[in-house]
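Heads up: the sequence lines are chains A and B, in that order.
Just so we're aligned: 201 in full-length UniProt numbering is position 201 of the first sequence, and the numbers increase by one with no gaps anywhere.
Just so we're aligned: 34 in full-length UniProt numbering is position 34 of the second sequence, and the numbers increase by one with no gaps anywhere.
Hints in this document: simulated from the structure, not taken from any laboratory.
Positions of the beta carbon are idealized from the N, C-alpha and C atoms, including for glycine.
Errors might be hidden in some of the hints.
[What the hints assert, rightly or not] Chain B regions said to be covered by chain A (calculated; three or more residues, Cβ under 8 Å):
| id | region |
| --- | --- |
| 1 | 97-109 |
| 2 | 279-288 |
| 3 | 649-656 |
| 4 | 659-665 |
[What the hints assert, rightly or not] For lysine to aspartate or glutamate, the following EDC-like pairs were computed, each having C-alpha atoms within a straight-line distance of at most 16 Å:
| id | chain 1 | residue 1 | chain 2 | residue 2 |
| --- | --- | --- | --- | --- |
| 5 | B | K318 | A | D137 |
| 6 | B | K247 | B | D291 |
| 7 | B | K329 | B | D281 |
| 8 | B | K329 | A | E3 |
| 9 | B | K329 | A | D40 |
| 10 | B | K329 | A | D45 |
| 11 | A | K54 | B | D213 |
[Claimed, not checked] Anything over 10 Å on all C-beta distances counts as not near chain A; from chain B, calculated:
| id | residue |
| --- | --- |
| 12 | T9 |
| 13 | R136 |
| 14 | W712 |
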Amino acid sequence: MFEAHSINAEHKDLIHDIAYDFYGQRMATCSSDQFVKVWDEDEHDNWHLTASWKAHSGSVWKVTWAHPEFGQVLATCSFDRTAAVWEEIVGEGSGSGERGMRHWVRRTNLVDSRTSVTDVKFAPKTLGLLLATCSADGVIRIYEAPDVMNLSQWTLQHEISCKLPCSCLTWNPSLSRLHPPMLAVGSDDSNASSGGKVFIYEYSENNRRWTKTETLSNVVDPVHDIAFAPNLGRSFHTLAIATKDVRIVTLKPMQDAAQSGLSRFEITTAAQFDDHYCTVWRVCWNIMGTILASSGDDGCVRLWKDNYVNNWKCVAVLKGDGTSAHSAEIPQIATPPSHSISGTQAPLSTTRNISIATVTAERPTTTILSTSKWQAPVIKGRFSKSVWLGNPSEPSLPPPPIIERPKSKK
Amino acid sequence: MTSKTVFVTQEGPANALALNKDNTQVVIAGRNVFKIFALLEDKFEEVCNLRVGKNLNLNFSCNDVAWNLIDDHILATAATNGAVVVWNLNRPSRSKQEHVFIDHKRTVNKVSFHMTEPMWLISGSQDGTMKCFDLRIKEATKTFYSNTESVRDVQFSPHQQYTFAAVSENGHVQQWDLRKPDRCFQHFTAHSGPIFACDWHPEASWLATASRDKTIKVWDISAKPTCEYTIHTIASVGRIKWRPQRKYHIASCALVVDCSINVWDIRRPYIPFASFNEHKDVPTGVAWRGDPQYFLSTSRDCTLYHHVFKDATRPASKANPQGIALNCKGDVAYACKISVNAPTTVKQLTSIMRKSPASNDTFCMASSMMHRFTETAPREPKWFRECAEGYLLSGRLNDICDHNAAVAITAGRNDISTVWSITKTLYANPLGNMLKSSPNVSKDDTVNTLNLAQIGIGSTVDQTNIGHENDVKSLQGEAPGVISGGDDETETDEMTENQNFIGPILPSHRRYLAGHKCQPKGDFFFGDGELEPITMDYTSGYIHNLMNHENDWTLPKEAFPLRHEIQDRSPPPEQFPNHSPDMNDNDSGSVTVEDQPCELIVTAVPKPLFWDPTQLIEEALRHHAAILDVQTSASILIALGERRKSLNIEAATQEHWLLEYIDMLGRFKLWEIATQIIQLAWMPSVSQLNQQSTTIHACCTTCTKPLQRSAWLCDRCHTSRHALCSICHQVVRGVYAWCQGCAHGGHVIHMNEWFESNRQCPTGCGHICEFT
Chain A
1 MFEAHSINAE HKDLIHDIAY DFYGQRMATC SSDQFVKVWD EDEHDNWHLT ASWKAHSGSV
61 WKVTWAHPEF GQVLATCSFD RTAAVWEEIV GEGSGSGERG MRHWVRRTNL VDSRTSVTDV
121 KFAPKTLGLL LATCSADGVI RIYEAPDVMN LSQWTLQHEI SCKLPCSCLT WNPSLSRLHP
181 PMLAVGSDDS NASSGGKVFI YEYSENNRRW TKTETLSNVV DPVHDIAFAP NLGRSFHTLA
241 IATKDVRIVT LKPMQDAAQS GLSRFEITTA AQFDDHYCTV WRVCWNIMGT ILASSGDDGC
301 VRLWKDNYVN NWKCVAVLKG DGTSAHSAEI PQIATPPSHS ISGTQAPLST TRNISIATVT
361 AERPTTTILS TSKWQAPVIK GRFSKSVWLG NPSEPSLPPP PIIERPKSKK
Chain B
1 MTSKTVFVTQ EGPANALALN KDNTQVVIAG RNVFKIFALL EDKFEEVCNL RVGKNLNLNF
61 SCNDVAWNLI DDHILATAAT NGAVVVWNLN RPSRSKQEHV FIDHKRTVNK VSFHMTEPMW
121 LISGSQDGTM KCFDLRIKEA TKTFYSNTES VRDVQFSPHQ QYTFAAVSEN GHVQQWDLRK
181 PDRCFQHFTA HSGPIFACDW HPEASWLATA SRDKTIKVWD ISAKPTCEYT IHTIASVGRI
241 KWRPQRKYHI ASCALVVDCS INVWDIRRPY IPFASFNEHK DVPTGVAWRG DPQYFLSTSR
301 DCTLYHHVFK DATRPASKAN PQGIALNCKG DVAYACKISV NAPTTVKQLT SIMRKSPASN
361 DTFCMASSMM HRFTETAPRE PKWFRECAEG YLLSGRLNDI CDHNAAVAIT AGRNDISTVW
421 SITKTLYANP LGNMLKSSPN VSKDDTVNTL NLAQIGIGST VDQTNIGHEN DVKSLQGEAP
481 GVISGGDDET ETDEMTENQN FIGPILPSHR RYLAGHKCQP KGDFFFGDGE LEPITMDYTS
541 GYIHNLMNHE NDWTLPKEAF PLRHEIQDRS PPPEQFPNHS PDMNDNDSGS VTVEDQPCEL
601 IVTAVPKPLF WDPTQLIEEA LRHHAAILDV QTSASILIAL GERRKSLNIE AATQEHWLLE
661 YIDMLGRFKL WEIATQIIQL AWMPSVSQLN QQSTTIHACC TTCTKPLQRS AWLCDRCHTS
721 RHALCSICHQ VVRGVYAWCQ GCAHGGHVIH MNEWFESNRQ CPTGCGHICE FT
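Using the sequences plus the hints, can you model the full thing?
Okay, here's the thing in structure tokens:
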């Protein structure tokens, strides 16, 4: 079940981005009104505005938190062609209150771009304090703060030209040394003939350069958002793409890539949903990487969940106006691939109150219409060993008793 | 009329442009260019080049140009040398120069014709004066002293015949009456920096000003000047021009940095309504063609552009109107644009005021609402936290596994519990335990076997401790019976692994429940043969067998004679955790137990074979990592201790799992557990994590020399006085607990004891220490 709480952000224009910090207890919003606001959660789960400042002289497109080991640090990027790094400092308590007033100071302003800076993201912390920006003229820039204690000194390490205007970027969050630093960049170029709109860049330690390793050629529509799933020890990478639909793509490093130096990937579209029936603006993973949230022009957030064999289902629909937070029940028996009849299914019910997977074991289950359209999962590699437990011909068999109940005797 | 975006390139940049009164011709003027073009359907056609004649002096170098609004053949230019030059296109000679006013001492920044009086011309100059010229008199008729260093723009009011406005570099706006040159009738400070341009609104009593402070301000100057709107742009604003027939729209171009021409809706002052990005260098002039859809511009890149509104980019439409974020509690923060359904009253109002597309209105009504969706009963974070906090990670593997299996069950993760149980079973070395015959060891053995039974048969059913105990007993009770089965050394080729697992639980075991409670442990002693099922052939194939939905868990008939009727059928085994708990909840229905009795007795058990479970464990760990359950992978890996060395998992992968798990623990603020894992880590890159970037400098209390080698011995004075415990007077090596009030302290344990019964400092210093 989801409860909706309205937050009066009091931004004077569109809010373009929301970001939780590492712990999920602080939140930053940015808006076209050129302000960035920081919200903190108190012990009673209430959120309070704790800082608000004019950060740029143009719309602020994105806001992102650095890992807390670098301090309370935000990065923003703006239509005014700059990206900025902000640090919260606790002032020396001089009179006003026992605890010093906190405020955010601009540590640096990155002015290399000649067009709107469309996205900014900190690299995974294992790479140090690294910041990637991309801009509307198709340039990706990697900045580094060589001294993590000095946030005002950033050096432009790399400038990668990607030809098409960039709209979004994401770092591969993997902490593994087996995975070289990797970036995915999306373009919102509306010209379908310019080819794939998602590019994968990898950093090669040998020649110290970023190289484009892949172009996702099957994504030709404008890409508005892109997000790598938390890696959490996986050998492959999962990428969510917001374009005219929601896509989930897996990138599996190929074994023979080692000798060639440049890694190649086996790229599989794991899922593709067009339930929004309109432009999808945002995708975001939960920190466990198990739920993907997407939002589109329909004003709804849809939550997608994987049942571990690449069978993705919509588990909730959250209305953006907060009038009701509805969601679909997880089908109690996940429909095996052969069962899905895509396209003709009833639209998701928005009247049922949700309970995500509150299934009692003994209750005889009924098949609930799968509400999401989904692609037949591409079962490869690891997943080929997973076989559906459900017997397709008998979808409503009672489940066996699970461990918490007394032994069932029938 | 030209209806598409066209441009023409010149030999030099133009500083200004002006249209004739019917908007069919344009004049551009710069230091080295001074031309008139006709606007044709799809191109510019040069009509006249005014830069002709033998005397190309600085009079031709123009800062500004104005086209007479009544007499179509009269032009005026503001020259960089301070001259104001009037040009007559009707002159028969090649040189069209009519007259040169040389009244200004410095550069003239602006010239402007009066809208209704064709003979009136006004100029603003860098010398701080404005001069009004009557073209018939051939000299300046009036001079207005602005008392500022320089006048950057001067414009006649479209509303009042004798009024003009002037803006200057000190940020001041002045309104003058032509008839009263002694002093301005209105004067106010509009910007904190130089004002470069101003423009009267054609209808409202608004004056827009553009400044180096990157803002455009709209002033209502009908009475006391008030700033109605402020637009924040990204660069110094050089030129502004109101868009005809659009009350709230104004075009601007920057003086530096920004090469685009932006059209703003002043009601939404943050993002341009439309943007024109054709120029490669900063634009120098903008002129509307009397039509809101078309305008011309010049730029420092030497081009003259004709822009069409439909070719504009709309930055707002490319802007992402939504934001979404998830945190570790499962909350979803969501901001989205409020869909504008303009109330009908507003629509009517606007339609009365002017005819403009509805999109213009919705454009400036952009706002977002923000919601936070909280999951009422988030499951994953709960699992994660409970497991992380509950898991034992070091100790004997058996204990760890038992404990962790219980923890996992409490957390609701039955599948993970099974994984722990299986892990334990796989690594239990019954043979090794058996060699020692002490009761304790065999008790362990019992537990092992018990768990085997649990796993194989259905630990998931009897999960309470009592059930657990029961199974132990039943197994114990059963053992003799099994032994009595004789040593039929059947190889297990024919038997499925499932059968092997079912084997030990024999039908009659329940009878023994009560009777064997006090049975000595030693009795529970398997012969060689009995151990076999525990470890035998438990290959990955088993998993797939389990997963196979065709396997309905009715046991095949056996070749062995039945000894008993099975009275209590075995519950189905828990599946190997290839599936999420969700799936277990949802899907386990497909594994059914038919009510038909299982008829199987294993009368003989084969010989023990040493079997290496590493491959299976390895697969399981990789599997859990692949399904994002790094907690399980990392925890088992740690729990395995030295056994992990036999796993064929690259060190880098192991490190990866640990790092990801530690990172995740950090998100939940489970630092104790993260530290525990760091300390248990066997690879330096992980175990040294806590030693990075944490330095605490301490100094000796007597000589103030920084303590370097150890915190309890000063290198210089060779004392440990500063590190003595106040209670036992021994040197404290390790954590020194001290009162921040009196700075006395000592061993944590001693301090703890002391303050349980005392409030004062143990040294007798009299301080009432606050021990928390």
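Status of the hints after comparison with the structure:
no.	hint	in the structure
1	97-109	violated (count 0)
2	279-288	violated (count 0)
3	649-656	holds (count 5)
4	659-665	holds (count 5)
5	B:K318 x A:D137	14 Å, holds
6	B:K247 x B:D291	13 Å, holds
7	B:K329 x B:D281	50 Å, violated
8	B:K329 x A:E3	13 Å, holds
9	B:K329 x A:D40	15 Å, holds
10	B:K329 x A:D45	11 Å, holds
11	A:K54 x B:D213	15 Å, holds
12	T9	21 Å, holds
13	R136	48 Å, holds
14	W712	29 Å, holds
Checked against the numbered hints given earlier, this structure breaks hints 1, 2 and 7; the rest are met.
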